[in-house]
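Protein chains in written order, with this note's numbering: chain A, 1 to 177; chain B, 1 to 262.
You may find that some hints are simply not true.
When the alpha-carbon atoms are kept at most 25 Å apart in a straight line, the in silico SDA-like pairs for lysine to any residue are as follows [what the hints assert, rightly or not]:
(1) K36/B to I56/A
(2) K65/B to A132/B
(3) K83/B to K145/B
(4) K65/B to R38/A
(5) K65/B to K175/A
(6) K20/B to I23/A
(7) K65/B to P18/A
(8) K47/A to F76/B
(9) K36/B to A132/A
(10) K36/B to P18/A
(11) K65/B to P43/A
(12) K175/A to S101/A
(13) K40/A to K163/B
(14) K163/B to T184/B
(15) K145/B to A132/B
(16) K40/A to K150/B
(17) K40/A to V180/B
(18) K83/B to T20/A
(19) K40/A to L43/B
(20) K145/B to V180/B
(21) K36/B to V36/A
(22) K83/B to A48/A
Keep in mind the hints are simulated off the structure, nothing from the lab.
Below are the chains, spelled out letter by letter.
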Amino acid sequence: MNKFYFAAEGETLNPLIPHTSEIIVGAVAFTLLFLVLRSKVVPMFEKAFTARTEAIQGGMERAEKAQLEAQRALSQYNEQLSKAREEAQTLREEARVQGVSIVEELRAKAQEEAARITSAAHASIEAERQQAITSLRNEVGALAVELASKIVGESLDDQARQSRIVDRFLDDLEKSK
Amino acid sequence: MLAFVRSSAEGEGFVPPSTKDFELPPIFGDNPYTTKPIFLVLLSVVLISVFFIAASRRAAVVPSKLQFAGESVYAFVRNDLAKDVIGHEFLRFVPYLFTLFTFILVNNWFGIIPLLQFPTMSHVGFAYVLAAFTFFVFHYVGIRKHGVFKYIKDIMFMPGVPKAAYILITPLEILTFFLVRPLTLSLRLFANMFAGHLLLLVFILGGEHLAQGALGLKLVSPFAFGIGIVLTFFEFMVQCLQAYIFTLLTALYIAGALADEH
C-alpha cells in the first residue's frame with residue numbers, strides 16, 4: 001500500500017480523506033439516478049416482463065387447448081372409423097346372408113322348375129301313352145275286329161257290340177297274361 | 001490530459017505516478033464543484049438515464065435490440081442478484097440495486113474510456129457515499145422488519161450461541177455491522193479503482209517516457225505500452241467485478257437484515 005505513504009510525503013492530501021463536494025454531488029447524483037431509474041425504467045421493464053410471462057403462459061394454454069382439440073378430433077375420427085368398419089362388416093354379413101338365401105331360393109326355384117318340367121313331361125308321356133293306348137286299342141280293336149270278322153265272318157258293324165266284344169277280348173287278353 | 005502535465009517534467013527523468021495524479025484541480029477557478037470527477041459523476045447519471053429510458057420507453061414483449069441490451073443488464077441485477085440472494089421480497093429492492101450496479105459500473109468504466117480515462121470511484125468520497133446508502137438501507141430494512149429492539153438484540157446476541165461466547169462475539173458483531181461492512185464496501189471499491197488507475201499510469205506514462213529516451217529505451221517502450229493495453233483489459237474485468245461485488249454484498253446485507261435470525 002505504498003500509495004498511502006506517498007500521501008504522507010507532504011503536499012498531497014491523504015486519498016482516504018473525502019472531498020466534501022464529492023460527497024454532496026455523489027449523494028445527489030446517485031439519488032437522482034435512483035429516482036429516474038425507479039420511476040421511468042424499472043416499471044417499464046417489469047411491465048414487459050409481466051407481459052412476456054403472460055404471453056408465454058397464454059401461448060402455452062392455447063397450445064394445450066389446441067392439443068386437446070386435436071385429441072378430441074382424433075378420438076372422434078377413430079370412433080367414426082370403427083363405426084364405419086362395423087357397419088361395413090354388418091353390410092358384408094348381410095350381403096353374404098342375402099347371397100346365400102338368394103342362391104337357396106334360386107336353387108329351390110330351379111328344383112321346383114325341374115320338378116315341374118319333369119312332372120309335365122311325365123304327364124305328357126302319360127297322356128301320350130294313354131293316347132297311344134287308346135289309339136292302339138282302337139287300332140288293335142279295329143284290326144282285331146277286322147281280323148275277327150274276317151275270321152268269324154260275322155259283321156260287327158254295330159258300334160256298341162263291337163266295343164263290347166273288343167273289351168271282352170282285351171280283358172281276356174290281360175287276364176291270360 | 002495527464003500526459004501533457006507529465007511531459008513538462010521530462011527534463012528531470014521519470015517521475016512515477018503517485019497520489020498527486022489523482023488530485024485534479026477545478027476546471028473553473030477555485031470552485032470545488034467543477035472538478036473532473038464531479039463532471040464524470042454527473043455525466044454517468046445522464047448517460048445511464050438516457051440509455052435506460054431509451055431502452056425501456058417502448059418496452060415490448062418482443063424486444064428491440066436496444067431494449068434487449070438494457071433489459072439484459074436489468075434482468076441480470078433483478079434475477080441473478082436480487083432474486084437469488086434476497087428471495088421473495090426482492091422486487092422492492094431491485095431499483096436500488098439496479099441503480100447501484102449501473103452507477104458503479106459506468107463510473108468504473110470511465111477509467112478506461114478514451115478521453116475520459118479517470119475512474120470516478122478512485123476518489124474515495126463517492127465510494128463512501130455509496131457505502132453509506134447501503135448501510136442505511138440494510139439497517140432501515142432490518143429495523144422495519146423486526147423493530148429496533150429485536151434487530152439490535154439479534155445483532156448483539158446472536159441466537160444459538162453459548163452465553164460465554166457473547167463476550168467475544170458481541171463486540172465483533174457490533175463492529176461488523178456498524179463499521180466493517182460499510183468500511184470494507186467503500187474501501188474495496190475505492191482501492192481497486194485507485195490501484196488500477198495507478199497501474200495503468202505507470203505503464204502508459206512509463207512507456208511514453210521510454211519512447212523519448214535513448215534508442216535502447218525506445219525499443220523497450222512498446223512492451224510497456226503492450227502491458228498497458230493488456231492491463232486495460234484486465235482493468236475492464238476488475239471494473240465489472242467491483243460493480244458486481246458491491247451490488248452482491250448489498251443484496252446479501254439486505255437479505256441478512258430481512259432474515260429471521262442474523
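Numbered hints the structure breaks, given as an ascending list: 1, 2, 5, 7, 9, 12, 13, 14, 16, 17 and 18
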